[in-house]
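Make a model of the complete structure from these sequences and hints.
Chains as they are written, first to last, in UniProt numbering: chain V, 1 to 136; chain P, 1 to 136; chain B, 1 to 280; chain D, 1 to 280.
Please keep in mind that the hints were generated in silico from the structure rather than gathered at the bench. Owing to the predicted nature of the structure, the values given are computational and were not obtained by experimental measurement. One or more of the hints may lead you astray.
Unchecked claim - Here are the simulated lysine to aspartate or glutamate pairs, EDC-like style, with alpha carbons at most 20 Å apart:
#1 K43(V) with D64(D)
#2 K43(V) with D66(D)
#3 K132(P) with E229(B)
#4 K253(D) with E277(D)
Given next are the chains, with one letter for each unit.
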Amino acid sequence: MSGPTDIQQYLAELDDIPGTRVFTTARARKGYWLNQFCMSLMKPENRDRFKAGERAYLDEWPMTEAQKQAVLDRDYNAALDEGGNIYFLAKIFSTDEISFLQAVGTMTGMRAEDYQAMMIAGGRSPVGQRSKKEPY
Amino acid sequence: MSGPTDIQQYLAELDDIPGTRVFTTARARKGYWLNQFCMSLMKPENRDRFKAGERAYLDEWPMTEAQKQAVLDRDYNAALDEGGNIYFLAKIFSTDEISFLQAVGTMTGMRAEDYQAMMIAGGRSPVGQRSKKEPY
Amino acid sequence: MARITAGVACSHVPALGAAMDNGRTQEPYWHNCFAGFEWTRAWEAAQKPDVVILVYNDHATAFDMDFIPTFAIGCGERYKSADEGWGPRPVPDVIGDPDLAWHIAQSCILDEFDMTMVSRMDVDHGLTVPLSLMFGQPDVWPCRVVPLAVNVVTYPPPSGNRCYALGEAIARAVASYPEDLNVQIWGTGGMSHQLQGPRAGLINAEWDNRFLDDLVNDPQRLRHIPHIEYLRETGSEGIEMVMWLIMRGALGKDVRALHRHYHVPASNTAVGHIVLEPVG
Amino acid sequence: MARITAGVACSHVPALGAAMDNGRTQEPYWHNCFAGFEWTRAWEAAQKPDVVILVYNDHATAFDMDFIPTFAIGCGERYKSADEGWGPRPVPDVIGDPDLAWHIAQSCILDEFDMTMVSRMDVDHGLTVPLSLMFGQPDVWPCRVVPLAVNVVTYPPPSGNRCYALGEAIARAVASYPEDLNVQIWGTGGMSHQLQGPRAGLINAEWDNRFLDDLVNDPQRLRHIPHIEYLRETGSEGIEMVMWLIMRGALGKDVRALHRHYHVPASNTAVGHIVLEPVG
Ligand SMILES: [Fe+3]
Ligand SMILES: [Fe+3]
Numbered sequence: 001m002s003g004p005t006d007i008q009q010y011l012a013e014l015d016d017i018p019g020t021r022v023f024t025t026a027r028a029r030k031g032y033w034l035n036q037f038c039m040s041l042m043k044p045e046n047r048d049r050f051k052a053g054e055r056a057y058l059d060e061w062p063m064t065e066a067q068k069q070a071v072l073d074r075d076y077n078a079a080l081d082e083g084g085n086i087y088f089l090a091k092i093f094s095t096d097e098i099s100f101l102q103a104v105g106t107m108t109g110m111r112a113e114d115y116q117a118m119m120i121a122g123g124r125s126p127v128g129q130r131s132k133k134e135p136y
Numbered sequence: 001m002s003g004p005t006d007i008q009q010y011l012a013e014l015d016d017i018p019g020t021r022v023f024t025t026a027r028a029r030k031g032y033w034l035n036q037f038c039m040s041l042m043k044p045e046n047r048d049r050f051k052a053g054e055r056a057y058l059d060e061w062p063m064t065e066a067q068k069q070a071v072l073d074r075d076y077n078a079a080l081d082e083g084g085n086i087y088f089l090a091k092i093f094s095t096d097e098i099s100f101l102q103a104v105g106t107m108t109g110m111r112a113e114d115y116q117a118m119m120i121a122g123g124r125s126p127v128g129q130r131s132k133k134e135p136y
Numbered sequence: 001m002a003r004i005t006a007g008v009a010c011s012h013v014p015a016l017g018a019a020m021d022n023g024r025t026q027e028p029y030w031h032n033c034f035a036g037f038e039w040t041r042a043w044e045a046a047q048k049p050d051v052v053i054l055v056y057n058d059h060a061t062a063f064d065m066d067f068i069p070t071f072a073i074g075c076g077e078r079y080k081s082a083d084e085g086w087g088p089r090p091v092p093d094v095i096g097d098p099d100l101a102w103h104i105a106q107s108c109i110l111d112e113f114d115m116t117m118v119s120r121m122d123v124d125h126g127l128t129v130p131l132s133l134m135f136g137q138p139d140v141w142p143c144r145v146v147p148l149a150v151n152v153v154t155y156p157p158p159s160g161n162r163c164y165a166l167g168e169a170i171a172r173a174v175a176s177y178p179e180d181l182n183v184q185i186w187g188t189g190g191m192s193h194q195l196q197g198p199r200a201g202l203i204n205a206e207w208d209n210r211f212l213d214d215l216v217n218d219p220q221r222l223r224h225i226p227h228i229e230y231l232r233e234t235g236s237e238g239i240e241m242v243m244w245l246i247m248r249g250a251l252g253k254d255v256r257a258l259h260r261h262y263h264v265p266a267s268n269t270a271v272g273h274i275v276l277e278p279v280g
Numbered sequence: 001m002a003r004i005t006a007g008v009a010c011s012h013v014p015a016l017g018a019a020m021d022n023g024r025t026q027e028p029y030w031h032n033c034f035a036g037f038e039w040t041r042a043w044e045a046a047q048k049p050d051v052v053i054l055v056y057n058d059h060a061t062a063f064d065m066d067f068i069p070t071f072a073i074g075c076g077e078r079y080k081s082a083d084e085g086w087g088p089r090p091v092p093d094v095i096g097d098p099d100l101a102w103h104i105a106q107s108c109i110l111d112e113f114d115m116t117m118v119s120r121m122d123v124d125h126g127l128t129v130p131l132s133l134m135f136g137q138p139d140v141w142p143c144r145v146v147p148l149a150v151n152v153v154t155y156p157p158p159s160g161n162r163c164y165a166l167g168e169a170i171a172r173a174v175a176s177y178p179e180d181l182n183v184q185i186w187g188t189g190g191m192s193h194q195l196q197g198p199r200a201g202l203i204n205a206e207w208d209n210r211f212l213d214d215l216v217n218d219p220q221r222l223r224h225i226p227h228i229e230y231l232r233e234t235g236s237e238g239i240e241m242v243m244w245l246i247m248r249g250a251l252g253k254d255v256r257a258l259h260r261h262y263h264v265p266a267s268n269t270a271v272g273h274i275v276l277e278p279v280g
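Encoded structure:
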């Protein structure tokens, strides 16, 4: 291993990246039921039930109200804050028949066309985006 | 690792022990459905169904005829030859409400009382039982 | 800071659990076997560990041939006693310590151990029998438990050396855990037993006792015993003793034996038990 | 004797699979991206590998938070394309090679890698998109596949060094397999991408291209890149590149690049692709 072998130091570094929630076990534990709900959408019959009544379907899961609201609002930044992981959350936007590009763009605060245009132009530059403490 | 790091040589050594079938992956693959059948007996409702009609229950599983017969006969040596593992097979003799001591003894060719007496007297000596090639 | 204060090893024979569950420990067959755990039960009552890292193997209970993790650490909140075919043992639920478990898992991965993290599983006699032996029959277990399940069923299990090294990594992980916890580590399974085939019933008391000796005197010899030696000398299920080396590896260079017990037989098995304390 | 004849790396973006499945690869958005795989598709048709060891990660498909193996090797007979929420990709079943997979698993455990063996699982875009990129749209895949799923979702993933070392162990395992097989190893995922948060869309073409350079020129530098550098420089999902190091580790000391391709973007991602051949 290069880098820290102390886990606290390792985790502290991960928190230093701007605009990024690394899926640590702390987040994984917080998001457990949110993510399990997402997994359930891998079955077409569950997708149909969810589409037929989102709130009722969510109420079958022991999720927090904030988690349920993040799903209802399709507020993926809020869902990340509630312990969601993007690969789990992808089951929601796949159910919505929305692409990764469309869904991911919503988290940036950019308009969809602008986000797509930025990607076609080569994507977001890392300059100034590498560290919260001392941007470079 | 001490001992061989070459897997063929490692596996060949395991075959050199008298009266013993080490649960190698070759055996595990051969015994896959036999062992999965055994796992099903961890549910009381399945134990009841098995007891109510052993042959019919076995016929629900894609096991070989030799595997089914070994189960019906409670011939645990035959079950080992068919790829069974003792911890899986334990679900059968637990269903029969027979102890490990009773079930294991059946594989030795000894009468139950004799096997139990041997264990109380200190068990089977390893002398002469360590190797097929050159007993010591 | 969390500290590993002791290591305990013991066999985990199902019949030991059944004898306790059925109130038969005072029968002549069982009396001497159980007498050797009385010292430890009193000692544990005084030690009051906060958490036990309990190294055991799953016996085709939580894991079947479809999922075979070499090292699986239990990161769940609680674990139920499994139905192994005769109904679940009537013992309390096992309460996990997800904070410590995830900490150990993460630390061991940074240390280049390829852990599998498991959050939902039932636990079988391999885990519950040692709890009964050390703690008796309370309504709730007196401490939290971090299960560490080692594959010793499908070959090859991890080498003795790898097990010992994992113990060393667990010790580093515990030492870096900020909460002040009294942590024990237990290694279970063994000693001599063979549960299969015409050679079943094999017991090698001499080999077992040398193993008990060298947990104290020469652990570096033990970490290099090849699998084939366990099988030839102590029976096919004697391989479970590699799990004791995880416990031993976590205790550091020198240890003192506080208590030791060896009894033949429990069912098909030689019961071994030792309590170790790190020195210095 | 089995031989690892080549290593292939590529991104495994879901949109690449969707573009192929929906016949959109000639559209202006996709044309240049797919053009870079044409050389490889012709080369693979000539190479006719018997087996591909396909290193990928499961994206919350076969494994959820209840079961997180660091290194899971697929030992099953066949694997279905998973339903990730939009129905399964319309691709053939993936045919496994249980003989070779178990051989590698056993050998790597002797080599002190703590493998998890998995026999039943569905495989997601991480595995099927690379097959589509290299083999197009056949009715049956032209070779068997040994899936090797690496945890890069829940932190920490294995270190780059551990991944590289696993590749070296896989090479030893393949070299000791008695059957005469033409084996390739593929590393998938990456390159730059971040799929979450306000920083989403990050691309670092310079870093990615230095990584491609050093797969040939200085792989020992790559194995020591810490996780935090992947995240800072290439986005949170750029960490997937550690899986390329398993491929690289399996190729031995020196390699030659036969083909290389880099394109931005596919959806949110920088597509990187390289074909390597062991030298000497
Ligand atoms: Fe055991
Ligand atoms: Fe991926």
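These are the hints, each one checked on the structure:
Simply put, K43(V) and D64(D) have alpha-carbon atoms about 15 Å apart, close enough for the 20 Å limit, and the pair holds. Of the pairs offered as hints, the one joining K43(V) and D66(D) holds, with about 18 Å between alpha carbons and a cut-off of 20 Å not exceeded. With a CA separation close to 14 Å, the supplied pair K132(P) and E229(B) stays within the 20 Å bound. For the proposed pair K253(D) and E277(D), the alpha carbon gap of about 11 Å is at most 20 Å, so the pair holds.
Against the hints set out earlier in the document, no violation occurs for any number.
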